[in-house]
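Student: Sequence:
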Amino acid sequence: MRLFVSVALAALASTVSAATFDWDCTNALGTCQNYCFYAQCRGGAGQQFTYDSDKTKRPGRRQASGCSRTPCSDTSLSYSKFGNSCDEFPFASTQEGGSGARLRCVDSSENSSEGGQLGAFYGTINNGDKFGITIENWKGASYCEDNPSCTNDGGEFFLDPTGNFVDGRRSIAGRGLKLDPGYSTPAARLRTIKTEDGSEHLVIAEDSANPLKAGDEIWSARRNATLKIVD
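For the sequence shown, the residue numbers in mature numbering (1 follows the signal peptide of the UniProt record, and there is no 0) are -18 to -1, 1 to 213.
Keep in mind that the hints were calculated from the coordinates and are not lab data. Heads up, some of the hints might be wrong.
Capping the alpha-carbon separation at 20 Å, the derived lysine to any residue pairs in SDA-like fashion look like this [stated by the list, open to error]:
hint, residue 1, residue 2
1, K112, L194
2, K39, R51
3, K210, D6
4, K210, D189
5, K37, T106
6, K121, R171
7, K121, G101
8, K63, D149
9, K63, K176
10, K112, S75
11, K121, G180
12, K37, S94
13, K112, D36
14, K112, S35
15, K176, A1
16, K112, D149
17, K39, D6
18, K39, G82
19, K39, G101
20, K195, G180
21, K176, A207
22, K176, K210
23, K195, D179
24, K63, R171
25, K39, E78
26, K37, S75
27, K195, I211
28, K37, E78
Using the sequences provided together with the hints, build the complete structure.
Tutor: This is the structure we're talking about:
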């Protein structure tokens, strides 16, 4: 009987989606623009992220990504015209953050909005937990729109292996395909879901082997509550 119960619980656990962070872009449109570029134009849509609660590791990841070099305060770099605060994706608070992260300069208020929402979400999960991401109120963020061109608007960049900041480019390598250095291939297609309150959410990160579906729940930072997916 004990073995049967253990097997049954394991089977049940395998059907449950990991935690999903639903993020409101209303006051953080530039950060959502950065994440949608990563998801749609860098092949990152089918990937989850792993929460690392060890805050001592975050400065090292920010150094590896280039954000700690404060590129958005450097007026000699064209990226600074988009804002005074460096945003990075994947987050420095995840195991996937650090070297190769996509960077974008945004207003400091946008980074504060994003950070506050993310910090609240982290209070609902544990160290080492994997999570997905959905967003809402993304209108105005061009890389979040359906089938974007993925041409760099001048705001996407990263720190290359030689230690220089360079423009971000279109890539499909993240989906297991050959690297495309140009912009000739279509962007990844992101899908939307609807929740019980009638709101629409764009899925930018999920477990490709167990995608979000009706009946699953997402955690909304704006509402400080979970929402059930209905469609």
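Student: Each hint should be assessed against the structure and marked as holding or not.
Tutor: Against the structure, the hints come out as follows:
1. K112 / L194: Given pair K112, L194 holds - Cα atoms ~14 Å apart, limit 20 Å.
2. K39 / R51: holds, 16 Å
3. K210 / D6: Measuring from Cα to Cα gives roughly 16 Å; hence the hint holds.
4. K210 / D189: OK: K210 and D189 at ~17 Å, within 20 Å.
5. K37 / T106: holds, 17 Å
6. K121 / R171: Holds, at roughly 16 Å.
7. K121 / G101: violated, 24 Å
8. K63 / D149: holds, 14 Å
9. K63 / K176: At roughly 35 Å apart (the allowed maximum being 20 Å), K176 and K63 break the hint.
10. K112 / S75: holds, 12 Å
11. K121 / G180: Roughly 17 Å separates the two Cα atoms, so the pair holds.
12. K37 / S94: The hint holds at about 17 Å.
13. K112 / D36: holds, 15 Å
14. K112 / S35: holds, 12 Å
15. K176 / A1: Since the Cα atoms of K176 and A1 sit roughly 17 Å apart, the hinted pair holds (cutoff 20 Å).
16. K112 / D149: Judged against 20 Å, a Cα distance of about 29 Å means the pair is violated.
17. K39 / D6: Distance ~27 Å between K39 and D6 Cα, so the pair is violated.
18. K39 / G82: With a Cα-Cα distance of about 16 Å, the restraint between K39 and G82 holds, given a limit of 20 Å.
19. K39 / G101: The given pair, whose Cα atoms are some 16 Å apart, holds under the 20 Å limit.
20. K195 / G180: Distance ~15 Å between K195 and G180 Cα, so the pair holds.
21. K176 / A207: At roughly 16 Å apart (the allowed maximum being 20 Å), A207 and K176 satisfy the hint.
22. K176 / K210: With Cα atoms ~9 Å apart, K176 and K210 stay inside 20 Å; holds.
23. K195 / D179: Satisfied, since the Cα-Cα distance of roughly 16 Å is no more than 20 Å.
24. K63 / R171: Cα-Cα ~29 Å, so violated.
25. K39 / E78: Given pair K39, E78 holds - Cα atoms ~12 Å apart, limit 20 Å.
26. K37 / S75: holds, 7 Å
27. K195 / I211: holds, 7 Å
28. K37 / E78: holds, 14 Å
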